[in-house]
Each structure stands twice: as C-alpha cells, then as structure tokens.
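Chains as they are written, first to last, in my numbering: chain A, 1 to 756; chain B, 1 to 183.
Incorrect hints may appear among the rest.
[Unchecked claim] Derived CB-CB ranges, DEER-like: (1) B:D113 x A:R171: 47 to 55 Å; (2) B:T96 x A:R330: 29 to 37 Å; (3) B:G18 x A:F746: 44 to 52 Å; (4) B:W29 x A:S183: 43 to 51 Å; (5) B:W29 x A:P336: 44 to 52 Å; (6) A:S183 x B:G18: 31 to 39 Å; (7) B:G16 x A:E81: 53 to 61 Å; (8) B:R3 x A:P526: 52 to 60 Å; (9) A:R658 x B:A21: 25 to 33 Å; (10) B:D130 x A:P336: 42 to 50 Å.
Just so you know, these hints were derived from the structure itself, not from any lab. Since we're looking at a predicted model, the values are computed, not measured. Note that the Cβ used here is the ideal one computed from N, Cα and C, for glycine as well.
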Amino acid sequence: MSSQAMPGPTCYISGVHSGPNPSPGLGVALSLRQAFPRAHLVAVDYSVESSGLHSEVFDDVWVQRPWKELDLAVYRAAIQERLDEGAFWFAGQDLEVQWLAETLPSRARALVAPAAALREIAKPGISAARDLPFAVPEFVPVDRSDWELHGFCREHGWQVWLKGPNYEAVRVRDWPGFRYARSLLGELWSTDRLFVQRHIPGNEESIAFCAYAGELLDCVHMRKHAQTVEGKTWAGRVSEVEPGMVEPLREVVARLEWTGGAELEFVRGMDGTLQLIDWNSRFPAWIHAASFAGHNLPARLAEAAGCGGAAAAPFRASQFTRVVVEIPVRPTHPLPAVKPPPDEWQVGSKHPSGMPQLAKRLRGETREDEERERPAPEIPDAVRRDLFRFAAEEFPTPRRILLPLAARERFARVEEALAASAGTGAELRFGYSVKTNPHPSLLALARSAGMLAEVISAAELRQALAAGFPPEQVVVNGPAQQWPGGGTVEGTLMAAFADSPQTFERWLDEGPPSARYLGIRLRPYPVESRFGTSVSHPRRFAGVLALLKRLPPAQALGVHFHFASDVLGPARWREVYEGVIYWARAIQEGTGRPVRCLDVGGGWFPDDFDRELLPRLPELVGAASELLPALESFMVEPGKAVAQPSMALVTTVLEVRRRKRGGEAVVDAAISDLPMAPLYPHRVYARSPGGEWTALAGGRCRLVGRICMETDILAGEVALPEWIEPGDRLVIGDAGAYDASMAYNFGRGVLDDACD
Amino acid sequence: MARAWFLAMDRTLWKGHGAPAWIRRRWEWGPTRWPLYWCEAVEAKELDCGAQAALTVEAFAARGVLALPAQLVQQYDVHSTPHWHSRWTACGASPTWTQDGLVYHEVCAVVRDGRAEIWNPTVTSWVSPDDLQGYASVAAVRIDRGSSAQSEVTWGSLRIPLDRWVVPGANGNGRHGKCSGDR
C-alpha cells in the first residue's frame, strides 16, 4: 500500500456551531483537512441545532444529547474507547475541556490541558498570566456587599461588565442595570459566582497558541478589525506574536504542562497596556484564518500528538473575514421542528448544547447549595450611636429621622477641608445644595460649618435667608430662579449663574441680580445634560462670549459647572472638570475679561466625596488657578454628599413572608417615602433580640412597601434574619438627600395641590 | 475665537492619550475651498483631508505632541475618480488630488523618539506601514520637516527622510524622489 492510500488519522472535533457566536470546531476541521487530506473528521456537538454539523468538511457526525441529559460516566467511557482505538479529540468548548481534563483516565490523545493548569486560567484572576506582560482589569466578585459593589461601579464610572464564571458578560451602566444583570446571569448559570470587571476601552486582540506536553508549538497574534454586535470576531488580521511575548509564553506553557489549543483574549488599552480578559482552553473560532496565514496550529498540535506528517501551510493572506452562506442540511440530521415563540418571561440562552447545565454539573452543586449571604455593609460609628439614641423612642412610623451625630460628622468633613485649603490659591468655599434637603436643622449645620447656600429658586432663596444665610452667602443657579414670583432680595448675592443664554440676556435687558459674581452655567461636554449653555458649536460659543462682554466692566465674571459625579464616576468627573477649566480659559480669552469665580460640583456620593474629591481639591484648585490667574473664588457644591447620610427612614414590619428560597417583609414605608430606593443601595439596620444594631446582609429577600405599586420595593436583595417579625422596626439609612426632598404623598390619601 | 473654541473642544474630548478622532466625528470628509480660515473651518459641515489634517496637527501640538503634516499617495479604484472629481468640481473645489485611481491624501505624522506613526484623520485610524497593496494602500509617503530638528524618521521598518517622497517597497526600503503631488 502506498503512503497515498494510507488512511489518515481519525479526529473527533467538538463544538462545531457556526453562528454569530461560533465555536472553533469548523475552523479546526478546515485546518486539519488542509494538513491531513485523508483524515477522518468527525463532528461532535450536543444539539442538532449546531449548524457546523452540516459542513461537508466532516466525514461523519456524532451528535450527543444535551449535557443535562448525558450520563457523564457512559459518555466518558465512549470517548475513552475511541481514544484507545487511536482517535484524537479536539475539544471546542472550555467546559468540555475542563470535564475531560478532570475525568479521563488517559488524556494521551485527548489534547486537553491538565486540570491544574485549567485552575490557573480561571477567571477573573487568571493567575497563569502573572508571568506574561499582561495586566488583568480590576474586578470584584459579586459576593461583596451591595454597598461595595456600587462603590466599585462608581469608581469606574459605570464602565463595567458583569460576567459569568464561564461565559457571558453584560455591560452595565447603572445600579438598576447591574441588579437586573445579576439576577439574569445568576439564574442562567445557577450561580452567584459572578464578578464585575472594569471595562477597558481599546482594540481587542488575541494570541492563539498550541502546545503539547508543555512545549509551545506555534502561536499567532490576531487583531480584530470588525466584530459582531456580541463582540465576536468578524474580520481581522493575523500576524506574528510580538517577540517580547513569545519567550514568556513558552515558559508559562512549560510550567503549566499545557496540551491543546488556547486563546488569550486581551484589550490593547488606549495607553498601550495589554489587559487580559480571558484565557480560553481551546482554539479560537477564527483559527482557520491563522492556517491560511501560514500557521496551521491544529495541524501542529495533531503532528505533535502523533497524527503523522502534516502538509505544509502555504501563506495565502494575513487578513480574513467571515461570510454568511447557506449549506445543505444533512439528511441524517434534519432540522428540529419549529418551536413556538418563547414565553415572554423565559430566560433566553445562547447555548443550545446546554453549557449552563454542564457548568452546574461540573460544580457538582445546586444553587441552593451555594446560597449564601453576601456580607453586610459596615454601620458607620456615628450612625450606630444615633441608632442607639433612637432605640428607646416611641413614635408612629413611617418616619424620617435626623441622625444628628452622622449629620455633624458630614459637616465636620467640610469644615476640615476648608481649614486644610488655606493658602492653596483661590479661596475655597462649599455650597450646601438646599434642594437636596431644605430641613432647617441641616441648613443650620451648613451655616455654622461656613458653607454657602446654593439655591435654584426664589422659594429656596427665601428658605435660605430665613435660615439665617445673608445674601452674600447665597449662590443662585438653576433653570427657573425666578420661580415663584414675588419678593426681592435686599443685598448682594455671592453669585448668580444663568442656566441659558436666554436667562442671561433677560438679565442684561432687565437688570441682572446684584451679585459679587455673575456668570453662566456651562453644559458639560460630551456628557448628556439638559442644564447649562452648550458651547459645543462655535456659533453658540461666540454667542456666549458676546453676552458676557455686555456685562458692566466692574462686574466680576464666574463660570459654573455641575454634573452628578455618581453618574459619571469620580475619574470621569475630573476629566470633564479639566475640560471645563479650559472652557473657562477660552471664555477669558474670548471676552478679554478675567474669570474670577468657578463653581463646580453636583451629585457626589458621600464615600466618593470623602475619598476622591476632598483629597484632590488642592490639586483641582491649583489647576484652575494656573489657567485662570485672576481666580478669586472656587466654590464646590457637594450635592447629596452631605445630606444623604444625615437622615434615615424608620419603618415597621407589617408581615413576614418566608419561602424556601428568599421571602419578603412588608413594611409600612413605601417607595414614595424612599424614591431613590432603586437607584443606589441603602443600608438597612435592624435591632437584634439582644439589642445590637446590625446591618442587613445581602440575600434573596425583599423589603416591599405598603402601596399597590409593582415598583414599591424598598430593598431588592437582602437577607432577613430569622428573628425579624411583624412589629419590628427597621431603619433604612442613607435617606437624607433626595429620598427626603423628593418624597411624595402617594398612598397617604391626601393631595397637596387639590384642584378646585 | 474659533481657534480658542477648537482647542477647548479638543481639551474637553482628550483623555490624555490617543489621537483627536473627534475631528472626523464633527466634520464629514468633503470638498473644501482654499484658502480656508479658522472661522470658516469651525463653521463648515465638511472638511477635506488637508483641513482635517491641519486641525489634527494643531490639536496634537496643543497637547505637546510633536506632530508633522504628512502626505500619502494611495491606490484606489479607477472608477472612483469620476465621482470624487464631480463632487469636488460641483462645490468649486479643486479635484486635482485624484487621478487614475491614485489619490493625494493629507494626514498627520506623530513622532516620538524618531519613530513616526501616521494618523489618518479622515478615517480615524493609524495607517499601517504594512498596508502597501490593494485598495487604499499606500503608494508613496512624505512627512514634512515642520518644526522637527530631525532629518529622518522611521515608519515601521521604513526610513523616511523628511520633506522627501518615499515609495515603500522600492529598493528594499523606500525609493526617494518627487512625484506629481509634491509641494
């Protein structure tokens, strides 16, 4: 028999689905066919819906039942039998690789990495990469408290992904989105072992390699040029791996004793750093593109494993793209019957072969097994002391209470920052945002802490004056400062800022407010905001300059910028701030008048205010003073940072509904008392039978309110201690800002503005 | 005022690294009548490659980055030429930048440590020195000396003498000389 007539190797290739989110099997098969024309290629998958089964590149198909139906011992024996007969196994699904690595008695031709190596590539830490020139983007497991998770998301400006332990990632941009994604992924993968990871903007790239018994056989680099909406490769360019990467990779592969294909997925950040997102334990779906770029990795692996000599891989192109074509369906495996549309409440899955079920089986546990509470947030000392003071008091609920010690602590922070700012350039002032909570006690604390009052209406102005703020300690801004009409202010305000060119023009025509500083609020760019004057078009900018030039020469000029930092994240807020001071300089240059006052702020989450803004204030003031040498006054409006922790909502448990998984407590407060409940986590405190105050941990229970609204949920994911019972009081913290000032009367049987 | 507005916009949109891709997002690529003044440029809806490249150089310079005007000759399809010719002519702009499938295209070279990277502002991507064949490939490149004290830079593996046209691939590196678009 001539060598031409020798039968080729038999290769089982699993994971052959070829859709928008393809598995690598089809590419592996095409590459093996190129190198071993006489090979007997068998497609393996776990659903007849796997489209690649019908490709002509395969000589045969071996379709398994979905993973949830398979008897794993029987399947393992069937695979082992084929390997013992001399076949090779090219696994195309990470979880299948994991199962094979852990279960096969002999992995000689299974071409999978050792189980120990797979543990080192587990997300999110990917410890195997510690010796490679990659960083791993910051992450935090979701088994932390909601308070900590919210802080992580804010820290990264809500540029974060919520990721499953094996597959699946959801981009989340706010707290409601995070909670929804957490619930969705937890349900799909039957696990709480999710993590949230910082998003890295940049170009997505990969390194694919193959290795046998710890020897690196070949590797290629691929840069994505086009992606699907799911972020999967659609077109790209294959090139050599950077020289500085190859040797470290060779060493890591040797240490891991790697066998099989692999893909390192990373993002080349805008600053040039390489951020490793994933280390897949199988070839990528684009692997055939490497083959026609001259690097047939599946063939190199097959050769090393004993498949015989592979045909050379001629270079055809370094760039590749995918196409959509129709192919005939194998008559042996017709399409499954048309299914009715899914129920609207059914959780969708991109995994026809049942990967989530395999993940669950591999963990060998149920979700109930891993049901565990997420830790409770810490109770701030001042809040704990306030709670003890209130423990003995009797009063009807629901009731919002001032936490005097917590409030004093917040205002003390401001005083400390003021004291520390002396001599840093322009004079630093803080403005208490009256709209966050106009309670007289808080206004009094603000005044005694040396704060200005920032008001947005005539009504708030009167409130501030009534609280003892002299006009020269008041800053006016907002889109409707004249509302409601009537009354004038005797004296000169600290500052007034027009929200629009129209307001400023009216000031010029009718006479502006008497204020030490007059100016305009700039609309932050490029973030979306309804407030302020846009300068993103040169004509608008010219219009602003023309208006400001019309101010009397003796009038000092100010610029105002507010945007909620807990929406942008502190880092992004600082970027926008830096842009604003350049706009202030452009205004200065365009008007020929110095900018003497800058008013910045808005929406600081208390923790961020303390940790991110206050320590950096000298730097921010310095940067402004450098660009605006005549700057006299630098005003910071912390927004809710001061008021939010200063009050709590006390509510009484009316009914406890315990269930096998989770449960809920109905309380006498409602969403109308806590309108911010869905938007950020509120710490909930309860007093144990022993008299200790404790914060509720994270769990599967809910606190639901008293009114007939589906949205009346005050806390979505808390653990209800066994000792909670009807009549107990709960204290919902962090309720002193917009929860107080935006609370409404729904469900109380009253109307504030009853019509005639 | 127009320049101050432009620089403030750039500073607002700059994240500390990267090229000013916002320029192309703001101004479509299209015919421009020259000479062009700042006040006209910022008001325009479309700017040609020369204007976009000039703004890009200005933005980089304001960031403290050494950026030099650069020019390419790129290969496109012959049948594209009449469309561009017609569009430019209809707007009263000069169509002489395109002929027989070749186009003269203005870009921006960012130079660090003697190494150039070429930013193509009209497609918001870095030009690869490997793109030397096929549609939109680079047939010739020239980098102005501008304010640079250097006489030569490298672009990938190519040596580029400043103020000289280089044809990549010729003589194993680049063939220096003049072409019809030389200035």
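Status of each hint after checking the structure:
For D113 of chain B paired with R171 of chain A, a C-beta distance near 37 Å fails the hint of 47 to 55 Å. The beta-carbon spacing between T96 of chain B and R330 of chain A, approximately 59 Å, falls outside the hinted interval of 29 to 37 Å. A C-beta distance of roughly 48 Å is found between G18 of chain B and F746 of chain A, which places it inside the suggested range of 44 to 52 Å. Between W29 of chain B and S183 of chain A the Cβ separation comes to about 45 Å, which falls inside the hinted range of 43 to 51 Å.
A C-beta distance of roughly 49 Å is found between W29 of chain B and P336 of chain A, which places it inside the suggested range of 44 to 52 Å. Here the CB-CB span from S183 of chain A to G18 of chain B is close to 36 Å, well matched to the stated 31 to 39 Å. Distance hint check: the CB atoms of G16 of chain B and E81 of chain A are about 59 Å apart, consistent with the given range 53 to 61 Å. Remark: the range hint 52 to 60 Å for R3 of chain B to P526 of chain A is contradicted by a beta-carbon distance near 20 Å.
Between R658 of chain A and A21 of chain B the CB atoms are about 56 Å apart, so this pair departs from the stated range of 25 to 33 Å. Checked against the hint of 42 to 50 Å, the pair D130 of chain B and P336 of chain A passes, with Cβ atoms roughly 46 Å apart.
Violated hints, in rising order: 1, 2, 8 and 9; the structure is consistent with all others.
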